[in-house]
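Q: Number 47 in our numbering belongs to position 47 of the sequence shown; there are no gaps in the numbering.
Keep in mind that the hints were calculated from the coordinates and are not lab data. Please note: incorrect hints may appear among the correct ones.
In the SDA-like style, the derived pairs of lysine to any residue whose C-alpha atoms are separated by at most 20 Å in a straight line are [unchecked claim]:
| hint | residue 1 | residue 2 |
| --- | --- | --- |
| 1 | Lys9 | Asp131 |
| 2 | Lys12 | Val70 |
| 3 | Lys12 | Trp33 |
| 4 | Lys21 | Asn37 |
Now the in silico label distances, taken between C-beta atoms and shown as ranges [stated by the list, open to error]:
| hint | residue 1 | residue 2 | range |
| --- | --- | --- | --- |
| 5 | Tyr66 | Asp90 | 19 to 25 Å |
| 6 | Lys52 | Gln16 | 35 to 41 Å |
| 7 | Gln127 | Gly72 | 34 to 40 Å |
| 8 | Gly119 | Asp62 | 35 to 41 Å |
| 9 | Arg94 | Lys124 | 16 to 22 Å |
| 10 | His95 | Thr67 | 37 to 43 Å |
| 11 | Asn5 | Ser97 | 33 to 39 Å |
| 12 | Glu61 | Arg18 | 17 to 23 Å |
| 13 | Gln81 | Thr121 | 38 to 44 Å |
| 14 | Gly32 | Ala71 | 32 to 38 Å |
| 15 | Gly27 | Ala78 | 33 to 39 Å |
| 16 | Thr121 | Gly27 | 34 to 40 Å |
| 17 | Tyr129 | Ser55 | 37 to 43 Å |
Using N, Cα and C, we set each Cβ at its ideal position, and we do this for glycine too.
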Amino acid sequence: MLERNEVIKRIKTALQSRSGKQWSVTGGRGTGWGWINIDAPPSRRTAHHRLKEGSTMNRPEDYEEYTNGVAGGHTTPADRQELCNLLGFDNDGRHVSSQGVSIASSRDYYDEYLARAEGRTPAKIAQPYWD
C-alpha cells in the first residue's frame, strides 16, 4: 500500500512523462494532510479575473477570465484542458477547476488518480466519504 508521499511522487512523474511538462503535485497541511492537489506550477498560473467593461456590479457573472502571462493567478484554461485530458476526464468544470484537482485522503482516491495519471483505466472509481 503506497503512502501519500509516494503517491505524490508517482503522480508527478507520470504527468511529466506523459505531457513533457512540469506539474505541481502537493500534499495538504494540517487537518488536510492526506489530501493531494494537482495544479500547474506557479509560473504557469497566469489566468486572472477582471470586471467586464461596463459592469458596475460585483456579481460572478460581471467578471471575465483573461490570461496575461503574469504569474500569481490561477491555472489557465489550456492547462485545465490538458490536465483533464491527462486524467481521462471531459472538461466540464467538475473535475479540474482554476485551482487544479483535489484528491481526497483515501486509498480509493489515491489508487484512482494514480491510475489516471499513469494513463490507465482505474479499477475502481472512488466515492465520497463525506456528506
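Q: A separate judgement is required for each hint: does it hold in the structure or not?
A: Hint check results:
no.: 1; hint: Lys9 x Asp131; result: violated (29 Å)
no.: 2; hint: Lys12 x Val70; result: violated (24 Å)
no.: 3; hint: Lys12 x Trp33; result: holds (18 Å)
no.: 4; hint: Lys21 x Asn37; result: holds (16 Å)
no.: 5; hint: Tyr66 x Asp90: 19 to 25 Å; result: holds (24 Å)
no.: 6; hint: Lys52 x Gln16: 35 to 41 Å; result: holds (36 Å)
no.: 7; hint: Gln127 x Gly72: 34 to 40 Å; result: holds (36 Å)
no.: 8; hint: Gly119 x Asp62: 35 to 41 Å; result: holds (40 Å)
no.: 9; hint: Arg94 x Lys124: 16 to 22 Å; result: holds (19 Å)
no.: 10; hint: His95 x Thr67: 37 to 43 Å; result: violated (21 Å)
no.: 11; hint: Asn5 x Ser97: 33 to 39 Å; result: violated (24 Å)
no.: 12; hint: Glu61 x Arg18: 17 to 23 Å; result: violated (36 Å)
no.: 13; hint: Gln81 x Thr121: 38 to 44 Å; result: violated (20 Å)
no.: 14; hint: Gly32 x Ala71: 32 to 38 Å; result: violated (24 Å)
no.: 15; hint: Gly27 x Ala78: 33 to 39 Å; result: violated (26 Å)
no.: 16; hint: Thr121 x Gly27: 34 to 40 Å; result: violated (25 Å)
no.: 17; hint: Tyr129 x Ser55: 37 to 43 Å; result: holds (40 Å)
In terms of the numbered hints stated before, the structure departs from hints 1, 2, 10, 11, 12, 13, 14, 15 and 16, listed from lowest to highest.
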